[in-house]
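*Asks:* Based on these hints, arrange chain B on the given structure of chain A.
Number of protein chains: 2
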Amino acid sequence: MFRSAEIGHRLTKQAYRDAVPGLRAALLDAQVSLFEQRKTPVVVLISGQDGAGKGETINVLYEWMDPRFISTLAFSEPSDEERERPPMWRYWRSLPPKGRVGIFAGSWYSDPIRERIQGEISVKELDARAEQINRFEQMLVAEGALVLKFWFHLSKDGQKQRLKALSADPRTAWRVTPWNWERLKTYDQLQEVAGHLLRLTNTAAAPWVVVEGTDDRYLSLTVGKVLLTAISQKLAQTAPPRPPVAPMVRVDLDGRNVLSEMDLSLALADKPYKDQLARWQGRLSELLRDPRFKHRALVCAFEGVDAAGKGGAIRRIAAAMDARQYQVTPVAAPTDEEKAQPHLWRFWRHLPRHGQVAIFDRTWYGRVLVERVEGFCSEADWLRAYGEINDFEHEMIDGGVIVVKFWLQISQEEQLKRFKAREQVAFKRFKITQEDWRNREKWVEYQQAICDMVERTSTGESPWTLVEANDKNFARVKILRTLCHRLEAALQGKAPSATTGADKADKKPAKQEKIGRSASVQKPS
Amino acid sequence: MFRSAEIGHRLTKQAYRDAVPGLRAALLDAQVSLFEQRKTPVVVLISGQDGAGKGETINVLYEWMDPRFISTLAFSEPSDEERERPPMWRYWRSLPPKGRVGIFAGSWYSDPIRERIQGEISVKELDARAEQINRFEQMLVAEGALVLKFWFHLSKDGQKQRLKALSADPRTAWRVTPWNWERLKTYDQLQEVAGHLLRLTNTAAAPWVVVEGTDDRYLSLTVGKVLLTAISQKLAQTAPPRPPVAPMVRVDLDGRNVLSEMDLSLALADKPYKDQLARWQGRLSELLRDPRFKHRALVCAFEGVDAAGKGGAIRRIAAAMDARQYQVTPVAAPTDEEKAQPHLWRFWRHLPRHGQVAIFDRTWYGRVLVERVEGFCSEADWLRAYGEINDFEHEMIDGGVIVVKFWLQISQEEQLKRFKAREQVAFKRFKITQEDWRNREKWVEYQQAICDMVERTSTGESPWTLVEANDKNFARVKILRTLCHRLEAALQGKAPSATTGADKADKKPAKQEKIGRSASVQKPS
Numbered sequence: 001m002f003r004s005a006e007i008g009h010r011l012t013k014q015a016y017r018d019a020v021p022g023l024r025a026a027l028l029d030a031q032v033s034l035f036e037q038r039k040t041p042v043v044v045l046i047s048g049q050d051g052a053g054k055g056e057t058i059n060v061l062y063e064w065m066d067p068r069f070i071s072t073l074a075f076s077e078p079s080d081e082e083r084e085r086p087p088m089w090r091y092w093r094s095l096p097p098k099g100r101v102g103i104f105a106g107s108w109y110s111d112p113i114r115e116r117i118q119g120e121i122s123v124k125e126l127d128a129r130a131e132q133i134n135r136f137e138q139m140l141v142a143e144g145a146l147v148l149k150f151w152f153h154l155s156k157d158g159q160k161q162r163l164k165a166l167s168a169d170p171r172t173a174w175r176v177t178p179w180n181w182e183r184l185k186t187y188d189q190l191q192e193v194a195g196h197l198l199r200l201t202n203t204a205a206a207p208w209v210v211v212e213g214t215d216d217r218y219l220s221l222t223v224g225k226v227l228l229t230a231i232s233q234k235l236a237q238t239a240p241p242r243p244p245v246a247p248m249v250r251v252d253l254d255g256r257n258v259l260s261e262m263d264l265s266l267a268l269a270d271k272p273y274k275d276q277l278a279r280w281q282g283r284l285s286e287l288l289r290d291p292r293f294k295h296r297a298l299v300c301a302f303e304g305v306d307a308a309g310k311g312g313a314i315r316r317i318a319a320a321m322d323a324r325q326y327q328v329t330p331v332a333a334p335t336d337e338e339k340a341q342p343h344l345w346r347f348w349r350h351l352p353r354h355g356q357v358a359i360f361d362r363t364w365y366g367r368v369l370v371e372r373v374e375g376f377c378s379e380a381d382w383l384r385a386y387g388e389i390n391d392f393e394h395e396m397i398d399g400g401v402i403v404v405k406f407w408l409q410i411s412q413e414e415q416l417k418r419f420k421a422r423e424q425v426a427f428k429r430f431k432i433t434q435e436d437w438r439n440r441e442k443w444v445e446y447q448q449a450i451c452d453m454v455e456r457t458s459t460g461e462s463p464w465t466l467v468e469a470n471d472k473n474f475a476r477v478k479i480l481r482t483l484c485h486r487l488e489a490a491l492q493g494k495a496p497s498a499t500t501g502a503d504k505a506d507k508k509p510a511k512q513e514k515i516g517r518s519a520s521v522q523k524p525s
Numbered sequence: 001m002f003r004s005a006e007i008g009h010r011l012t013k014q015a016y017r018d019a020v021p022g023l024r025a026a027l028l029d030a031q032v033s034l035f036e037q038r039k040t041p042v043v044v045l046i047s048g049q050d051g052a053g054k055g056e057t058i059n060v061l062y063e064w065m066d067p068r069f070i071s072t073l074a075f076s077e078p079s080d081e082e083r084e085r086p087p088m089w090r091y092w093r094s095l096p097p098k099g100r101v102g103i104f105a106g107s108w109y110s111d112p113i114r115e116r117i118q119g120e121i122s123v124k125e126l127d128a129r130a131e132q133i134n135r136f137e138q139m140l141v142a143e144g145a146l147v148l149k150f151w152f153h154l155s156k157d158g159q160k161q162r163l164k165a166l167s168a169d170p171r172t173a174w175r176v177t178p179w180n181w182e183r184l185k186t187y188d189q190l191q192e193v194a195g196h197l198l199r200l201t202n203t204a205a206a207p208w209v210v211v212e213g214t215d216d217r218y219l220s221l222t223v224g225k226v227l228l229t230a231i232s233q234k235l236a237q238t239a240p241p242r243p244p245v246a247p248m249v250r251v252d253l254d255g256r257n258v259l260s261e262m263d264l265s266l267a268l269a270d271k272p273y274k275d276q277l278a279r280w281q282g283r284l285s286e287l288l289r290d291p292r293f294k295h296r297a298l299v300c301a302f303e304g305v306d307a308a309g310k311g312g313a314i315r316r317i318a319a320a321m322d323a324r325q326y327q328v329t330p331v332a333a334p335t336d337e338e339k340a341q342p343h344l345w346r347f348w349r350h351l352p353r354h355g356q357v358a359i360f361d362r363t364w365y366g367r368v369l370v371e372r373v374e375g376f377c378s379e380a381d382w383l384r385a386y387g388e389i390n391d392f393e394h395e396m397i398d399g400g401v402i403v404v405k406f407w408l409q410i411s412q413e414e415q416l417k418r419f420k421a422r423e424q425v426a427f428k429r430f431k432i433t434q435e436d437w438r439n440r441e442k443w444v445e446y447q448q449a450i451c452d453m454v455e456r457t458s459t460g461e462s463p464w465t466l467v468e469a470n471d472k473n474f475a476r477v478k479i480l481r482t483l484c485h486r487l488e489a490a491l492q493g494k495a496p497s498a499t500t501g502a503d504k505a506d507k508k509p510a511k512q513e514k515i516g517r518s519a520s521v522q523k524p525s
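Protein sequences appear in the order of chains A and B.
My numbering puts the first residue of the first sequence at 1, with every later residue one more than the last.
My numbering puts the first residue of the second sequence at 1, with every later residue one more than the last.
Some hints could be false.
Since the list gives no way to pick out one identical chain from another, each pair is judged satisfied if it fits inside one copy or across any two copies.
Claimed, not checked - Here are the simulated BS3-like pairs of lysine-lysine, each with C-alpha atoms no more than 25 Å apart in a straight line: (1) 13 <-> 274; (2) 98 <-> 274; (3) 39 <-> 339; (4) 271 <-> 13; (5) 417 <-> 472; (6) 98 <-> 339; (7) 472 <-> 420; (8) 39 <-> 234.
To be clear, the hints were calculated from the coordinates, so they are not data collected in a lab.
Excised from the complex, chain A in its bound form:
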């Protein structure tokens, strides 16, 4: 990978001076178009060896471009707010919005490389991380981003010389620390690890650009030209990039599916309901005060047919918690800041810290449900969303978050009854709109979307719990009980916990949770 970057590229002062004014004007122009179009965020990764001119190049880019539309993000030690969330959280929160350029000095590549050099992870684990990164970058590109990854390379001698030169100049000496000299010793190792990782992550969607870092002028001009060309080409694209997708094919021979097999007659009388409600609420309250939970977090995802009783179920869970411990996030139309980001961004931003609970009333599954059925996004968009959602949940789980997902199902007749009842109660009037009636007409399409969703996203580590919700008593107790069982298992380390995804990444989605057939305790699979 690095062979072509040891050629000894050099640029004369004159050649540099001749090239810069034109490049600068073109870059500014491209930046303005980018901002005016507001379709594409530009993610620029600047990585490479110490002394290979990373800082200098970033500063030159600022000289050439309009600093008001660039942010540079350095990722040193994570803050405690970052440490208590999945590792990718800090990168998600730093993504540039559409129309702007985000320069990442240090990125999602830094940790895997460092961990491998220090022997903290195996090659296999490194490969798994590469795979995760590829999927993440592919998602960014599919969401419209331009991802440019630069690796600044120096030969071993070249690096030694650069450090010496920096030390000799009083204006730059402060930048060379003993730590830099120390790093020179691991040059070969870095080459090996980085070479391996670069090869695995050199994808068509987000390829690496390896640049020789011996000569500052050569380096800056190369990066500037790559940037300009890439942005210009991106601006010229009329259609958004569409990764290839297979059409959704479903053969139905007997009309049976996970929804039709649910026994919606399941019910629980008021007396046992009260007892069980109190019992499981007490248990939930205990589990959330368990010292082991202090290093975990809980995400509860609620989806369901309109009027299936999500709100009521959430209140019964909330009643068992301390209000200071949880946040309920109702998912409505995205704000304009959210629209300027990848579709999962608005969920990442609400991930709980350690010891905290986030309850989502409607979730990231909107893309494969309402957005699919109503045509709010293209087929290619919702088809790729299944994988992206699985990745999102995997990263949460990997980061120690306990993820529990509920689908609340009621029959069409029950829904009609509830719609009519809602129209009668003043404070429920906002819960029933024309849209609800329209959605109801698309019952069959929605049921199809739900079946596809369960099939593609009920994974071993993050299964769906389908809840028979015609009877509210039954549904609420089943939800509370499931939540307790999942929490118990996770705290005892039986559920997937904070390990890297080396082996899990390959796992086929497991069968979704066995559907309850009686009012007795249902253990989640």
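*Replies:* Just chain B now, kept in the frame of chain A:
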């Protein structure tokens, strides 16, 4: 203050049961209207003694209301991201948006009370904090918020009994810690300090509601009814609240003002410019690497006539910094998330951490400039903004932030020349719009607004630096030099630093900085 809360209020089970269903329905209804109207954020402070039922009451509110439109915020130890910013930052970032309810379990009252009990601050300092709080709450209310402050009171005996009862019940025993018993010893002190602070902050805009905490039913029902009544009255208000303001009066006898007195002919030839630019950039670079800066932060605010050269000046500053150390924030139209918050919120969110620099290209002064002149806000709004802005800057400075503000002034003729030139350059075309031409027609109104701004917001701790900008060389050097001087002074502790504002709050705004009359070094006052 607490006398009326030691009466021994109690409510029978029956009376409670009779009252709740109606209250609950009305609360839900009010909450829905609040959300649909999206004009008013509701800020509910729950404070009071340990064991006085704070947690229980919050949980009851969640039972009665829709948890999807409430957030509860507990403020325990600040995170490191919070610690490295002014103390009020964590509260600003937690403010509920319009239409939603934010319950603050712990608030801006917690620290002053604790610090006074522990003897860390004097009574005088406590009074100054009360004054700051009053101004903050007044601002919230003027921005449309409903601020409800509850203090749950228990007599000394009452508190002892509550703690005993909690300890005796296995379901609640976990909530009573040795720390709570310890706090009982400081009961009298808490009473005294809280009583004093409550009296000083019992304003017409945001009054305290002291509630007896002996009986849970009485407590919950009282809070619920206060909440309902306050929200209903707020919803019924047709006009926004308008604190009284004095009209802006300005007598001009000789046509002289801070702008007319500027010598716009000041200029710097290219040769000395190059030398001085390099010199001050070098100095700035050194100062930002000074170990003392690691515990400070820098905010540079740029305002100026259109085409005065803010962008160019910012680039010259940026060139002296490491791209990883600063962010440039161009201030454009607020996003919808920003519109749902007080007008200063979108600036608070960009405050830098320790060791970091935030450069604002246009600032919080937009309210008293463009918004005033164009009529984007009411007269009452921009008239109160001067004080709010001074408070904002005071809180930054109090928190260790170095605030430097520049006004760039050019003549009308120079502006015309630059407008025309900009229209000729492709990558500058976005810098010149119809709006710029329109603004130009309002030159006189803008000049008036600028003079008022300088008069009212050039304070001793945060003076304006007026920059003669007809000559770009002169302007850039003056800006860099001023910045260096201000940084030097601040790092040597000569400028206002991180102390509480007890004495400074009373200070009259100092005369604005002396205007440069020559190209020699201008020391900021």
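*Asks:* Checking against the hints above, which ones are violated?
*Replies:* Hint 2 alone not satisfied by this model.
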